[in-house]
Structures are given as structure tokens and as C-alpha cells.
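S.K.: For reference, the chains in residue letters:
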Amino acid sequence: MIPEIGLFCLILALLVAVAQGTLPLIGAATGWQAGLRVARPAAIGQFGLTTLAFACLAWSFVHNDFSVLYVAANSHADLPAGYRFAAVWGGHEGSLLLWLYLLTAWTLAVALCSKRLPLPFVGRVLAVMGWISVGFLLFMLFLSNPFERLIPPAMAGRDLNPLLQDPGMIVHPPMLYMGYVGFSVAFAFAIAALLSGELDAMWARWVRPWTLAAWTFLTIGILLGSAWAYYVLGWGGWWFWDPVENASFMPWLAGTALIHSLIVTERRGAFRSWTVLLAICTFSLSILGTFLVRSGVLTSVHAFAVDPGRGLYILAFMTLIVGGSLALYAWRAPTVGLGGGFSLLSRESLLLSNNVVLTVAAGSVLLGTLYPVVLDVMEWGKISIGPPYFEAVFVPLMTPAIFLMGVGPVARWKQAEVPELGKRLCVAFVVSVLTAVLVPLAMPGPSRFGSPMIVLGLWLAAWSVASAAAHARQRLMDGDGEVLRRLTRQPRSWYGMLLAHVGVGIFIAGVTLANGYEDKRELRVDVGATQEAGGYQFTFAGIGPASGPNYTAQRAVFHVVRDGKPVVTLYPEKRHYTVQDMALSQADIDSGFTRDLFVALGEPVADNAWTVRIQVKPFMTWIWTGCILMALGGLLAAGDGRYRRAQQAQTKAEAQRAAQAGLPETARAAREGY
Amino acid sequence: MTPRKRRALAIVGGLGLLGLATALVLNALQSNLVFFFSPTQVVAREAPASGSFRVGGLVEQGSLRRDADGLTLRFAVTDTAHAVPVTYQGLLPDLFREGKGVVVAGKMGTDGVFRATEVLAKHDENYMPPEAADAIKKAEQRAQGAAGYAPALKAEAR
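Residue numbers (numbering that gives the first Met the number 0), protein chains in the order written: chain A, 0 to 673; chain Y, 0 to 157.
Rather than coming from a laboratory, the hints here were simulated on the basis of the structure.
From the three backbone atoms N, C-alpha and C, an ideal C-beta is built for every residue, glycine too.
A few of these clues could be false.
[Said to hold, decoys possible] Covered by chain A, according to a simulated footprint, are these stretches of chain Y (three or more residues, beta-carbon under 8 Å):
no.: 1; segment: 11-22
no.: 2; segment: 32-46
[Stated by the list, open to error] Computed, partial: chain A to chain Y, Cβ under 10 Å:
no.: 3; residue: G340
no.: 4; residue: A360
no.: 5; residue: G380
no.: 6; residue: I384
no.: 7; residue: G385
no.: 8; residue: V392
no.: 9; residue: M581
Take these sequences, add in the hints, and give me the full structure.
M.R.: Quick look at the structure:
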């Protein structure tokens, strides 16, 4: 009964979504007020219905209703309750429902927080989001129904993949999807702007906090996925340039470009059509990411052939979204107009170069991810493109981007001067070069002077931090007034920017040091024997049986000692999940400020002897810290007061100023009572 | 600078960077593409004599040998028609088992033994690396002269 209620809710949600997608558009085109007023209640109704549907599926999981096919395929009665709930998004159908649920949540947020926006504009935005929702609902109802019954019901479920039975996996997909789906708001605003031809600094001011929020969620989502790979996969790696990871990284790169391009559109009214194009690309890449991972096309292109309906629908839906919005862009973008001028060297031009590099980077990841798939579909051969390709492309692309990241904030709008920039940044430059040369000398190991890659990485890391510090100093010290007063007066978005840029530096430092100075060993270790790695002694004290709710395990005990002093005791496990008859090595990791100690069990090779993976990774936690700082920066910037402050009718003075700066649209919009 | 000039500059700069990036990408692609071959193709010497490539199929039943150090392994990868001997030094993935699908990456030694630097067998119990499944399917087709999966093999793959 409960699953049928869920299904019924989805059908009703489809009807509401169609109304939300059509009536406000007609209203906006003809000035029909009643049609426009449908948008907000429809958004609320859709959210309510989808919440109910989601709750129904969650109920079926928690209550072990194995008469539902999807539950039987992804859960088991022995699974702990928390994982049974998380299993809702453990497979294809459920993750689509989660996607839809989060989409309606974002739509609701837009509907509730857009009181000050002109009604026709809100109507268009909500209508676009309604159409996206229609697309997903149709797909779920006809091709991926999560509520499909299994007759006769299964006695027990097939269980959730043991790799997914990890706390990180409970939160990773929702966070990632919050990011993916959040970009739909920017997309909807972009389409609405194209439809109405109204795109100005105000528009950018509305879109920016939404985009920043989505970007923050995506950053956290990628971080969680990466941390999961590190803690659960048992290889000690945290990023494999796997297509699944690339799928989330592409929208992140495009989204990063978008939040920077929006700055220029907001402050200077420039880059308008570029911003719109980026918004379209970012969301398209989000959808591509969702489908790449969930359609099974990556594990096998033949998965398409197994279920041609799904594959065809996905292709058609993607074509409609990408093709439709690009066609609309080609048709309407000329009406959007150009902004104020700027010189060859200015903050605008620096942000533009940053945008170009980020976009090219996203393109190179897209190529590396899709090229093997395309070749395979065309039957031109089977290839794989591994980490060496991405590393060969990324280092030369990101080096200038990170350098410019330090210069950009210091440069003036419109026109910057080289001598002035040099004066402001020379100290930061010297400090960063010294750091890059001196830090390797302090590191243990044979390569005392550091390889070129290590020096380059450390320089970029130190440059990110030092240039941010130089910028902060200049902003707080220059001119008159007390430092403390200036400190409190700075907008939150400025602090967000500083935090995120410092985060990039910390992240690069972590990657450089963890990769450059790690000590990785794969060894045979007898019980009682001691092995040395990275200056630590690992003693295999013993191994014995252990058990969990749905697995049995062998648990080993490793005492770690350094310079005669005990550091920590690690308990890696070799688990055997009974339902799926699957072995899983659970590494034990001791994370510290300057190093991670990692031990994972391989296989027993003799009585009391195992193969073991031992790794010492310096500054590994800095990688996570850097990502968290970036996300915090995004959060701070999204919460900037100027986005929340009353946006009603920009003052006449501001409109006049905008008009003088050559922004006719802003002036017109202001006259019309924005 | 006028908007028009600025746009022209942006386009020229963008194209220049795009060209540079394309060169970079093509160069990286050329040196980092890893091609896949089935055991039958390897036996027929279609794979490069030097240089890296991937081989996929099933780990042949009863072929796994472990040296006394516990880390040096010998096994054979088969597509049911032909088998390629492989050595590998290191820890095997959790899901590596005889009779299961596997993909190995590495180079062919002069003695005809494949030196694997990477062994892939991941995800879940039922997952078959697509390359491995494909190699087996092709071998079956050649053997039977018929299209489609052999039921017995499908059972084995699961």
C-alpha cells in the first residue's frame, strides 16, 4: 500500500510540474497574472508530493518491504537501520528520486526567497525548473520506477554493496546531488534571462548566492567521495581520475568559472553572455555527470543495449536540455548586450583568463572521460585513459591559473598597472619562492632538494596563501581609518574569497607533500615481525576473528612505534560480507596534522603471515582541510549581506550611476521598478 | 578599450589558449592511451611487443601460484579460447579470484609472460570488467560461430 501511495504522489507531482512549467510561461508572455501566480503554489505542492514519495520509499527500506523490487535489490534485513535508509539512494532508481526530491527542494527555496523579484521573472525561473522536474518524473515513471513491485516478494534482499556500507556514503550522494541540482537554479535564471532579454547587474546579484551555495555543496560532495575512496577502497589513494570522479569534477570546474564570471557581471556588468553560457554548461555537465554514473554506460556501453529505452531517453533528454538551451542562447544572446570596457591588464581580464583556463580544463576532462566511451560505441577499439593523461594536462593548465588567482584580487577593475601589482605582490612572490626551495630541505628522505614537481607544487601553494595575505594587508592597512574598523567593515564575500583562495593553497600543499614524500610498501609480514616505513616501525602483534552485524572478519593488531615511543595501535580488518559473499579490506588509518599512517590487510600467505599494505603519507589531512576551507569560503560568500538586503527598487542614484557606466538595461530595469 | 575591441581580443586570446590546450591534450593523449587486447589477440601477436597495453578475461581456474615471498604471483588470463601467462608483484584487489573477471595492465616480456603493473577486479561480485566480458564473448562467438552469450559462460561470469 505504502509504495503505491509513493507512486501516486509521483504521478500527481508530474501533473503539478506540467502546470508549473506551462502556466507561468504563458502568463509571462501575455501578462496573464493568474497564470504567473500558479508558479509559487505549484512549487510548494511539488515539494510536498515528492517529500511524501521519498518518505514512502524510505519507509519501505526501513521496514524491509522486499515486495518492492528496488528494495529487494539494494537492501537486506540484517543491514543496520542507518544503511537501510541510505540504501534509498544506493541504486539507479532511488538516486533519481533523490535528485528529483532535491530539485523540488531548491525550487521551493527559490519560490520562498524570491519575494522581491518581479513576478514575471520568478514565473519564468520556476517554469524552467518545472520542466526539468517533468523530464526526471517522466523518466522515473516510465523507465525507472523505484516503486515497482516484485511478485512473489523476495524472502530476503540482495543487500547493499558492502563498499557503500560506510558513514561517508550516507552523506556523500545527497551533498553531491545538492550541488548538481543547485546549479539548476543558475540554469533556470539564465534561461529566464534569455527568454525575457533582461540581464543586468541585478540579475547577477540574484544568481550569485544560489550558485555559490550549489558550488559549496558540490565541493563538500566531492570531498566526501574522495575521502570515502581513501578510507574504504583500501588502496590508500584518494583520487583516481576515474570516470565516476571526473563526472563530478567537470561541473565543479565549470561552476568555479561561473562564480568568478558572475563577480564581473555583478560588479561591472560585463561578460553577460559568457556568464549565461557558463550557467548552461555547468548545469549540462551536472546532468551529464548524473547520467554517466547512474546509467551504467561507464561500466559497459552495452548496458545501453540491455535497456535501450533508458539509454535513448537519457540521450534525448540531454539533447533537449543542451541543444535547446544553446539554440535559445544563439538566438537571444545578442540582446543581452555587452558591459563596460576594460583594459588588457585589469581585474576583468585576469578573471577572464581564469575563466578560459577553467573551461579548457573542464573540456580536457570531458574529452578524457568520453573519448573511450565514444570509441567503444563506434567499435573503433577499446582504450583506457588513465591518470598520466590528466596529470599531463592539468599541471600546465593549472599553474598559470593559480598564479593569476593570486594576482586577480589585487588588480584594479578596468585598468591595472604592472608596477603597482609588482609593488603589492613582490613580498608574497619572494616568500613563496623561498618556501618552495626551503621546505624540501626540511623534509626527510633522499631527495633533499625536491623534484621539479614538488618545488612547483610548493611554490603554487605558498603563492596562494602569501598573495591572499598580501591582498588582505593592503585592503586593511592602506588609506586612513583604524584596522579594526576596516576589519569589521569588509563584506563577508571578501572573507569568503580569502578563505577559499587560502584553501586552494593548503590543498595544493597537501597534494604535493602527500604525493611527493609518501612511503608506500606492499610486504609480507609474519606475526611478531616489524617493518619500517617512513621512519615508523610497524609491528604485526597478532590477528584474530571479529564480527559485525552483517559480516565476519579477521582483525589484525599493528603497534606503531617511532624512535622507541609508541605512537598508535592500528586494527585493519579483512571483512567477509556474508549476503553478497564478498571480501573487503578495511584499512585502519591514523590521521595526524603532519602525517597519516595507513595499514591494510592483503591476504594470508602462510600460517601467521599476511601480505600487508603499509603507507605513511605526509600532510594528507591538508588535502581535506583545503577542501573544507574552500567550501567554508563559498558558504561565507553565499551568505553575504548584500544578497539578503532588501533589493527593492534600486535607488535612483544607483540607476543613474549605472546609466552613466553604460548599462542601459540596469537603468531601464530600475525604472520599471525592480 | 571599446567593447568591440575587447571582444575581438578575448576571441583571439581564447583561440590562442585553446590551440595551446589542444596541442597539450593531443600530446598527452598520444603518450597515455592504453589499448586493450584479448588473450586470443595477444597469442596471435597482435599486441605491441614493447609498450603498455591491457589484457582482460577470466583468471584461469587452478592457475594461481604464489611465490614464497607472498607477493609475487603467477596466473593465467583466459578468454576461454587462449590463455596468457601473467606475473604480478604486489597486493591483489579484494575481488580477485580464480574463475572471475580481471583486467591486467602492463607489458609483454620477451619470455612470453605478461608483466602486470596493475590488476583490476573491482566493484562487486557480479561485476565483470567490460573488456573481460567482451573478450570472452568474442572468443565464444568464434568457437561456436554463433552470436550471443553462451549460457554456461554467463553463469561463470556471475
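S.K.: Indicate, hint by hint, whether the structure satisfies it.
M.R.: Evaluation of the provided hints:
With 5 residues bearing a CB less than 8 Å from a CB of chain A, the segment 11-22 of chain Y meets the requirement of three and the coverage assertion stands. Counting residues of the segment 32-46 of chain Y whose C-beta sits closer than 8 Å to any C-beta of chain A gives 4, which meets the bar of three, so the coverage hint holds. Given the 10 Å rule on beta carbons, the hint for G340 of chain A holds: about 5 Å separates it from the nearest Cβ of chain Y. At a threshold of 10 Å, the smallest CB-CB gap from A360 of chain A to chain Y is about 8 Å, leaving the interface hint in force.
Hint status for G380 of chain A relative to chain Y: holds, with the closest Cβ pair at about 6 Å, below 10 Å. With a cut of 10 Å, the hint placing I384 of chain A at the interface with chain Y holds, because the nearest CB-to-CB distance is about 6 Å. About 6 Å separates the beta-carbon of G385 of chain A from the nearest beta-carbon of chain Y, less than 10 Å, and the hint is met. Proximity of V392 of chain A to chain Y holds as hinted, the smallest CB-CB distance being about 5 Å (cut-off 10 Å).
The interface hint given for M581 of chain A is met, as the beta carbon of that residue sits about 5 Å from the closest beta carbon of chain Y, less than 10 Å.
In this structure, every one of the numbered hints holds.
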